[in-house]
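The primary structure of each chain is shown beneath.
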Amino acid sequence: MSEVKFSKEHEWITLEGDVATIGITKHATEMLGDIVFAELPEKGSNVEKDGTAGVVESTKAASDVYTPVSGEVVDTNQSIVDDPAKINEDPEGGAWFFKLKIKDTSELDNLMNKEEYDKFAKETSS
Amino acid sequence: MEIKKTSLNKLHQSNNAKFVEFAGYEMPIQYSKGIIEEHKFTRSNSGIFDVSHMGQLFIYGDESLTEELEKIFPLDLKNLKQNCSKYSFLMNEDAGIYDDLIITKIEEGYLIILNAACKDKDYDILSNLLGSKFKMNLDNNRSLIAIQGPKSVEILNSIINGVDQLNFMTGNWFDSDNQKLFVTRSGYTGEDGFEISISNDKAEKFVENLIEKGAQLIGLGARDTLRLEAGLCLYGHELDINKTPVEANLRWAISKSRLSNGGFIGSKKIMNQMQDGASQIRVGIKPEGRLIAREKTKIFNDTDKQIGEITSGTFGPSVNGPIAMGYVDKEFSKVDTKILLEVRGKKHPANICALPFYKKNYVKGVN
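Residue numbers (our numbering), protein chains in the order written: chain A, 46 to 171; chain B, 6 to 372.
In short, the hints are calculated from the structure, not lab data. This structure is a prediction, so every number in the text was calculated from the model and none was measured. Be careful, since some hints might not be right.
Pairs of lysine-lysine, DSS-like flavour, derived with a Cα cap of 25 Å [to be verified]:
no., chain 1, residue 1, chain 2, residue 2
1, B, K335, A, K105
2, B, K301, B, K335
3, B, K10, A, K105
All chains should be built: construct the whole structure from the sequences, respecting the hints.
Written out as C-alpha cells, the structure is:
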C-alpha cells in the first residue's frame, strides 16, 4: 500500500494498485466533534476530484466530504452509516468512507504527506 | 466591539473549553469530552452551565409595580406568591415575541431572567413602558450558574443547605460563604435542577466547589441538545418577533384569568388566535432513519406543497436519534401526520410527534 496522503479538505487517501481508499482525518473528527450521521456516495457512481462525495454531521453541523481524486466508487463502508460514532473512534483505520477505482494517479501528486498535513492542520486550526 | 467574557472564563479555559461567540460573549460550546458525553452526564448525574451571559433584571417598587407589569405580561402577578416563578414573554402589540423570560416575585419587586441577545433591548423596552417610577437594575455584577440533572439537589444542598426544600419554579435567598445567593429550582434541560445568582467575584470558587462534589461543566452544545429533547423553545429559533405565544404552542404560559379581560400588550391578537386558532403552529418532528434536518429545512406534504419549516434540528443523544421542532400549517400539526423534509435536494419522510421527546424529571412537590 502506498504512503498515506492528505488533502486540504482533511481527507486521507491510500492507494493499492488503482484502487484508492478515502476517509476523513483524525484532526477533522476533532474539529467536528461527535459524528452522528454519515452519507456516502453510491456504488457505481463517478466522483470528480475536489467534488462532494458524502456528508458527515456532528451534533453541531453538517459538513461535506470531498474526494481528493476522481474515480468510480467501487465500495462504501456501510458500518459507518449504521454506527457513525465509529468515525470518531477510528477515523484513519476502520472508519474509511469509500473506495475509488482511479484513472489518473498523478492526481495524488499535489496532496500532502503526513508531516506537511500535520503542519497544515495546526496552522489552520489556530 | 470587544467580545465579553463571563466571570468563569478562566475556569472554562482551564477545563479545555472550545469557545464560540454567542450574543457577544465568549462562551464554551463544549469541553474535552464532547457534546454527547456532556449531555448524557447531565441526564444521569449533574451538569454545571455558565449562563452568566443571560440578563438578571431586578425591578423594585411598591404595589403599583405589579399593576404596571400586568399591563405588559400575560400573567396573574397579583396572585403570584413571593418567591414563585413564571415563564412568560415580552411582546409587541401584535403579540410578536421580543423575548421569552422567567419572572420571579421577590421581596419588594421582581427578578426577570432575560436572554443574552435580547437583554439590552428588553431593558430599553421595559424602561420606556415603566417610566422612571421604579428602580431597575440589569445587574452585571452577578453571575448565573445552572446546575441540572438528578444528582444536582444532593450536590447543591451540601453547599447551600436548604435548597432541597424548594419546589419546582420557586426560589429564595440563601446565605453561603458570607454572601446572599438567589437560588431557584428551575432550568432548561428537562431535568431537576437549580439556577444560582451569585456575585461575580464568588462565582469561580463556587463552581470549583460544585466540581469537587462531582458535578461537571457542560457547554452550550449540550445545553441545546438537552433543551431540544425537552421540547423547549430557544429564542431566535422557535421564537422571534414574527411568532406569537399561541403559534408557538405556549398558551399554557398565559394565565387563564388574564384571557377574559386582556389588558396586556398583545392581548387582542392572543385572544383572537385563541378563538380562531393560528394558521401555523409549533410541533415536534421526528425524521425516519438517522437523517438530521437542521434549522431552515423546508417541510412538505405528500403533494409537494410546502407546509412549514424547521426551527431547530439535531441528534438527540438520550433519544438516540434525530429530533427537530418547527412550524407547520395547522391542518398538518396532528401527531403522527406524515411529512417530508427537504435535505440536500432530496425529500425524506418524517412524522409529527408529541413534545417533549424526552420525559421530564422535575420535582413538583417537596413540601
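Here is what the structure says about each hint:
Restraint check: the Cα-Cα separation between B:K335 and A:K105 comes to about 29 Å, which exceeds 25 Å; the hinted pair is violated. Between B:K301 and B:K335, the direct Cα distance comes to roughly 18 Å. Compliance with the 25 Å bound is thereby established for this hinted pair. Using a Cα cut-off of 25 Å, the hinted pair B:K10 and A:K105 holds, with the two alpha carbons roughly 22 Å apart.
Checked against the numbered hints listed earlier, the structure breaks hint 1 alone; every other hint is satisfied.
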